[in-house]
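J.: Spelled out, the chains give:
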Amino acid sequence: MSVNLTPPPEREFPAARLEQRKQLLLSRIEADQRRPPQQPLYRRRWPLAAMAATAAAAVAIAATALLTGNRGGPSSAAIVSILRYIQPPPREPKSEPKGRNLTSAVLLRAAHTAAHHPATTPGPGQYVYTKSEAVWEVVQAAPDGPAAIAFQPTTRQIWIGPDGSGRIHEDEGHMLFPTAADAAYFYHAYRNQLNLLNAHTAEDHEASGGLGYIDLSKVPTDPAKLKQRIENRTIPGTGGPPGDAETFQIIGDLLRETSAPPAVRSALYTIVSQLPGVQLIGPTHDQIGRPGIGVAYVSRGLRDELIFDPQTSALLGEQQSVVERSKWNPFPPGSVIGWAAYLASGVVDSTSDTTSATP
Amino acid sequence: MGDVADRALWLRAREGDGAAFGILFERHAGRIYNYCFRRTADWALAEDLTSATFLAAWRSLRRESLQAESALPLLYGIATNVLRNRRRSLKRGREAFSRLPVPRAEEPDFAEEAAIRVDDQASMRELLALFSRLPRREQDVLALCEWSGLSYEHTAAALGIPIGTVRSRLARGRRRLRELAAASGPEDSSNVNEFSIEVNDR
Numbered sequence: 001m002s003v004n005l006t007p008p009p010e011r012e013f014p015a016a017r018l019e020q021r022k023q024l025l026l027s028r029i030e031a032d033q034r035r036p037p038q039q040p041l042y043r044r045r046w047p048l049a050a051m052a053a054t055a056a057a058a059v060a061i062a063a064t065a066l067l068t069g070n071r072g073g074p075s076s077a078a079i080v081s082i083l084r085y086i087q088p089p090p091r092e093p094k095s096e097p098k099g100r101n102l103t104s105a106v107l108l109r110a111a112h113t114a115a116h117h118p119a120t121t122p123g124p125g126q127y128v129y130t131k132s133e134a135v136w137e138v139v140q141a142a143p144d145g146p147a148a149i150a151f152q153p154t155t156r157q158i159w160i161g162p163d164g165s166g167r168i169h170e171d172e173g174h175m176l177f178p179t180a181a182d183a184a185y186f187y188h189a190y191r192n193q194l195n196l197l198n199a200h201t202a203e204d205h206e207a208s209g210g211l212g213y214i215d216l217s218k219v220p221t222d223p224a225k226l227k228q229r230i231e232n233r234t235i236p237g238t239g240g241p242p243g244d245a246e247t248f249q250i251i252g253d254l255l256r257e258t259s260a261p262p263a264v265r266s267a268l269y270t271i272v273s274q275l276p277g278v279q280l281i282g283p284t285h286d287q288i289g290r291p292g293i294g295v296a297y298v299s300r301g302l303r304d305e306l307i308f309d310p311q312t313s314a315l316l317g318e319q320q321s322v323v324e325r326s327k328w329n330p331f332p333p334g335s336v337i338g339w340a341a342y343l344a345s346g347v348v349d350s351t352s353d354t355t356s357a358t359p
Numbered sequence: 001m002g003d004v005a006d007r008a009l010w011l012r013a014r015e016g017d018g019a020a021f022g023i024l025f026e027r028h029a030g031r032i033y034n035y036c037f038r039r040t041a042d043w044a045l046a047e048d049l050t051s052a053t054f055l056a057a058w059r060s061l062r063r064e065s066l067q068a069e070s071a072l073p074l075l076y077g078i079a080t081n082v083l084r085n086r087r088r089s090l091k092r093g094r095e096a097f098s099r100l101p102v103p104r105a106e107e108p109d110f111a112e113e114a115a116i117r118v119d120d121q122a123s124m125r126e127l128l129a130l131f132s133r134l135p136r137r138e139q140d141v142l143a144l145c146e147w148s149g150l151s152y153e154h155t156a157a158a159l160g161i162p163i164g165t166v167r168s169r170l171a172r173g174r175r176r177l178r179e180l181a182a183a184s185g186p187e188d189s190s191n192v193n194e195f196s197i198e199v200n201d202r
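Chains as they are written, first to last, in the numbering used here: chain S, 1 to 359; chain X, 1 to 202.
It should be emphasised that the hints constitute simulated quantities derived from the structure, not laboratory data.
There is no bait here: all hints are sound.
Some, not all, of what chain X presents toward chain S, calculated at C-beta under 7 Å:
#1 18
#2 22
#3 25
#4 29
#5 34
#6 51
#7 58
#8 123
#9 124
#10 126
#11 130
#12 132
#13 137
#14 147
#15 181
#16 184
Since the structure is predicted, the reported quantities are computational estimates derived from the model, not experimental observations.
Built from N, CA and C at the ideal position, the CB exists for glycine as well.
Just need the whole structure built from these sequences, with the hints factored in.
T.: If you want it as structure tokens, here you go:
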């Protein structure tokens, strides 16, 4: 007897959970509505991964608990200590119009570099390979705020072909907790699935179309035209609410784990440089210490920062930090709550090939 | 308000009426939940993806006007996009709804069904191990028409493709799936227990 081709019967959405989910959805919607119109439609968070934690993390938890006491008061120092975060120096965004001009000048130089960087567009049967190291915030949400918060370190490799087939391989590290209360919550919630609380590997192979390849080989390279396409949200694979904050996010989407032709990258940087509200961070480092140029966009109390290599214009890394402490972001201003460093990328010939990737 | 048509609720939600959208959620969450389960073999993830689908629907209210009587085809279309994109981007993929607290064991409806649902996941994983070897566009059509019982018209509307294309993809997908099933005989079945498509590159 071979595999049964009929799925198991449909099940009820558990009634109590349906009501919880509805309340959570409605509170999200309400939060959307309260927001001033020029702000983006949602606060971007980087949650949701498999849960992981072990003795090593527990030691960190204990240490952290000593430093911080209860939830609501984790100090920057504690967060730095458990996550090896490099606390960014205080940054005063340059005031208009000088800052804008400086931002534009730096970015346009990057745009020029991008235009002269060799093309890497995958042919049929080839894959765009990207390896990154990252730490994500994992939020267990309740309708009125986070029930618990953790941080998930991950090393991620993705191979994505022009037909959308490919592979994602993620080595998830031990989950880290800002407070003992957070750790207690996660351990209790996952007490029946403790295997999920260990460091583990996630492997995902996708057939054609599974990964939604963003084809940037046919988008306009003229910055004005490309900007129009982005702002109309008509580039396949992108979407989202209107507004400059979302446009900044989409430009990030088009640069990370993609193979943007140099002329498109050049145009993207030009567009970022002209986006109202973009802040120049200037020379900075990514979270693994590599020097780069940072630009940022602040919305809803969070700063999203893209860091790129001024020599090659490659996207080196990105990070998200707290600007304004809030119920949903109970960390001191300046705390980095998520980051990624792009370690290698290139066009390769199979989903096990990493050899042609260039750092 | 429980018997108000989808289209009226959609219009009211569009005007900012969250309660009207809440009724749409209650009305259709179960269908989307089962659809997401059949695409992922994971009930907990299906809950997250259902929430993410409705949140995306809320945010698309201004762009999408509801022409049909039922919001379901549109919701299935949004769910299909959410499913497709869930692992695509490092950042976007994590932006889906945060997982709610895991249900407490004392919740009776969960405790009773827990064992059945674990079995569901195992058999669904086995089926998906085959199913995932079809091209994504055929998977979408099969999952909507055969697993969710959508008409050709509604499937076409959900995916934004012509009805003729639905028919041809359905026929092709059915044939290929049967071939794949036939090729995985009993001696082979140990290879399809894991939802991991090693076959593609080995």
